[in-house]
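Visitor: Next come the chains, spelled out residue by residue.
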Amino acid sequence: MAVYKRSYKGYEGPLTSRRKRFLILSRYAARGIFASRIVTGLFILSFFYPLAMIIGLYLNHNLSVLSFMKLHQDRLFDVNGAFFMVFMTVQSAGAFLLTAFFGPNLIAPDLANNALPLYFCRPLSRTEYVAGKASVILLLLSIITWVPGLLVFGVEASLSGGAWAWEHRGFAAGILLGSLLWISFLALLALALSAWVRWKLVAGALLLGVNFVTSGFAAALNATMDVTWGSYLDPAKLLTAIYGEFFGMDLSLGVNTWGALASYGVICAFCTYLLSRKVRAFEVVR
Amino acid sequence: MKTLWLTQVAAIVRLEIGKTFFSRRGLWVYLLACMPMVIFGGHSIVWLKRGLPCDFGHDTNVFASIFQVLDMRLTLFFGCLGIFMNLFRGEMLDRSLHFYFLSPVRREVLLVGKYLAGLLAAVTIFTTSTVVQWGLMYAHFPKSVMESYLRDGNGWRHLTAYAGVTVLGCIGYGSVFLLAGALMKNPIVPAAAVLVWESINSFAPAVLQKFSVIYYLKSLCPIEAPPDVGPVFSMLLVNADPVAPAVAVPGMLLFTMLVLVVAAMRVRKMEIHYGTD
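Chains as they are written, first to last, in our numbering: chain A, 1 to 286; chain B, 1001 to 1277.
Keep in mind that the hints were calculated from the coordinates and are not lab data.
All of these numbers come straight from a predicted model, not from anything done at the bench.
Glycine residues also receive a C-beta, built at the ideal position from the N, C-alpha and C atoms.
Don't take each hint at face value.
What the hints assert, rightly or not - Residues of chain A clear of chain B, computed beta-carbon distances all greater than 12 angstroms:
(1) Ala131
(2) Leu159
(3) Trp199
(4) Ala219
To be verified - Listed next, the in silico DSSO-like pairs over lysine-lysine satisfying Cα-Cα at most 30 angstroms (straight line):
(5) B:Lys1210 with B:Lys1269
(6) B:Lys1019 with A:Lys278
(7) B:Lys1002 with B:Lys1019
(8) B:Lys1143 with A:Lys278
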C-alpha cells in the first residue's frame, strides 16, 4: 500500500522552559558518572576527612569523653584559620583528583564521535550545552568542598556559640568563595582540555599534568628571573593565597589576593575561549 | 631467528618513529620540552637587558634545582607518559593494534620495537631540551667565563651528566609507562600512583627506594640542589643515601629490564577490546 502525506511535522508536545533546558544535559551526564568504580570510591573517600573532623570537633568540646579516652589535655586541636586552611586544602585536592577522573568524560565523547550537531539541531545554545556539562562538575565538587566546609563551620559554631560564628564569619566566606573559584576553574579547565584533545583518558592525564607542571613552571620562573609574579601562573598557589587571606594566615606567598582573583579570571576566560573554539555545531575536516 | 627478530624490530621502529615524532596527539610533548627553555632564555635576556653581572655559582645552583624539580620530576615524567602510554593505548584508540597482532611478529618483538621507537623520540626531544636549556642559562655570561667553566670548572662533565640523567630518565620512565599502557586503560591511575611514589621516595625505606626511577636519577645529578629552594622543593630534592654512578646506572638498567620483562609478559596475553576505549 502506498503511503502518502508523510511529510515532516514539528514536535507539538510540551517544551522544557528555556531557563531549565540545560539541566536536561546535566541529568543525562550525571547518570554515567558513578558507573566508574574509581570515581565512586574517590567520592566516598572524600567524605572521610570531613567526618573525622566533625567527630574531632565533638570530642574537642567534650572533656568527659577526652578524659574517658585518657587524653590528658582539654582540647584535641585548636579550631582556627590553620585548621580550616588544612581542611579546605585537603578537600580541594580531592576535588581536583575527582575532576581528573570524571570531568573529561562529559564532553570528549561528544566531540570524538561528532555528536555536537545532534545537540545543536535542537533548541539548545552552545552556552547552555557547556553550562549543562559544567553544572554536573560544579554540583559534584560542591558536595565535597564548600558543603562539608560549611558543615564543619556550622558544627563548630553550634558547639562554640553564636559569638564564635560571628567573630569568624570570614572563615565561612573564605570556604564558600575559595571553593567556588576552585571548582569553577576545574570545571572549565577539564571541559576545555577534553574539548581540545578529544580523548578522555589523555584529557584526564593532561589535567593532572597542567596543574603540576604550572606549579613547577611558576617556581622555576620565580627562581631564574628573581621575581614573585611567576606565582600568578600557579592555580594551586593562587587558591592557597585566597584561603590564606580569608583564614587570616600570613603565608608570604608573594601573591596579592586581588591579583589572584584577577589571575583566576584570566585563566577561566582563556578556557572559555578554548571551549568556544571547539564546541560548534559543525566541523571543518581537512 | 635472531636476525629475523632484529629485522622485525628495525621495521617496527621505522613505522613507529613517524607516529611518535609527528603525531598531532604528541604535539604537547614538544610544548612540555620547550617550556624550561623559555624560562632559561628569558633569564638570559632579562640579565643581558639589565646589564648587571649575574652570579655564576648562583645560576649553577638554580639550574641544578630546576633540573631536578621541573625537568626530572615534571617535564620528563609527563613527556614520557605522553609518548610511552601512547604506544599501545594510542593504537587501541586508533583501532589499529590488531594489524600488528595479526602479523607474524612475536609480541615481545613488537614491544621492544615500540619501546625503542618511543625511547628514540623521548631521548631526542628531552636531551636536546636539556642541552639547549643549559646553553641558554649561561648565554648571558661572557665567552671567557664560559670557557673557563668548561675547561677548569667541570663544565663539560656537568653537561654530560645532565644529558646522561635525561637519557636514563627516558629509559626508566619509558619502561614504567610502557608497562602502564599495557596494563591499564586509564593513564591517570598509573600517572598519579607513580607521581606520588616518586615524590615520597625520599622517605621510603632504603630497600623500597631502589624500586623507583628518581632514586637513581637524583644520585647521578652532578650538583646537589641547594637547600634554599623552599620547604616543598627541598623535601623533593633531599637525597639522604645517594648511590655511586657505578651502581646507579646498572641499577637503573636492571630496573628497566625487569619492568620490560613484566610488560612483555603482559603484552603476550593482551586482548583487544576496541569497544571499551
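Visitor: All hints are to be evaluated individually against the structure, with a verdict given for each.
Guide: These are the hints, each one checked on the structure:
1. Ala131: 25 angstroms, holds
2. Leu159: Consistent with the label, Leu159 (chain A) stays out of reach of chain B, its closest Cβ about 33 angstroms off (over 12 angstroms).
3. Trp199: 6 angstroms, violated
4. Ala219: Violated, since 7 angstroms does not exceed 12 angstroms.
5. B:Lys1210 with B:Lys1269: 28 angstroms, holds
6. B:Lys1019 with A:Lys278: 24 angstroms, holds
7. B:Lys1002 with B:Lys1019: 26 angstroms, holds
8. B:Lys1143 with A:Lys278: 48 angstroms, violated
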